[in-house]
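Asker: Sequence:
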Amino acid sequence: MIIGASFNTGDISQWENRCLMYGDGVFETMRYKSQRVALWPWHVARLQKSLAYLQMDLSDLTSIENCINEQTDYDQSVLRLTVFRQQSQRGYPPVSRDTHWLISRFPFQAQGGPQILGLAGRHLSPQPLLKGLKHLNRLPQILIAAELNGRHVDDLLVCNQRGDVIETTCQNLLVVKDGQLYTPDTQDCGVNGVALSWLNEQLPIETKRLDLTDIKQADAIMTANAVHGFRTVSSIKTLAKFQTNHPICDRISRLWQQLID
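The numbering of the sequence shown is the numbering used here, which starts it at 1 and goes up by one.
Everything labelled a hint here was simulated from the structure, so no lab data went into it. Note that this is a predicted model, so its numbers are computed, not measured. Each residue gets a CB set at the ideal place from its N, CA and C atoms; glycine is no exception. If a hint is listed, it holds; no wrong ones were tucked in.
Each computed SDA-like pair below joins lysine to any residue, with the alpha-carbon atoms no more than 25 Å apart:
#1 K33 with Q258
#2 K241 with R162
#3 K49 with W198
#4 K208 with W198
#5 K216 with I248
#6 K134 with F108
#7 K177 with H246
#8 K131 with L210
#9 K134 with L119
Computed spacing ranges between beta-carbons, pair by pair:
#10 R254 with V95: 47 to 53 Å
#11 D11 with A45: 28 to 34 Å
#12 Q76 with A52: 30 to 36 Å
Generate coordinates for the entire structure from the input sequences, incorporating the hints supplied.
Answerer: Below, the structure written as structure tokens:
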């Protein structure tokens, strides 16, 4: 449900906007618990960086924070903040840097236990212009996630067209090998996740190109996103099985739990 917006959501003419017409904006999906958003500073940092790159301004951050802080009736939920360009004229060229925002709330559904992943058949195409942004066009992820139907796995490991491992359908990836943490390079495609950015301030993580051989030889695998945090992977079907009680994974889980409690 919609819990706040910078425009009159009851006015149907307001929905003729660049968010719906062109996906001209970005969004943040956030874990809300105990009257606060976990990782809020990291969400704001990514949001501001993304909007600056897309030549948009966010001048109403205080109103957004006030809207979130008013959600005192819910102990846990998922919030989605969508920010898009204020402009109703047809045509691709942007003529304004001003933005509107919209916040929606969804139930939080805990997902515990190690995951089983599959391998996606579709690959992500290079998108260097979008540089890991969490922009509003998610069609590649939708097409890839459609492969989950009937697969009996929790998520899919996704590669780019060169065969480099990038992410899952909705999570970043952490690889543990010989006591070191690695994460795939998402410069050409994929999303720069805020949970991963937060963890990189707690523990050293090396970003590098990783292929399926690197994944197969890993000691442990974890996934990361802002809603469900860090979860271990027990196996990737047809590829490999992994430890789920690795000391580094246990430490990451403890750090995450301390953050959200």
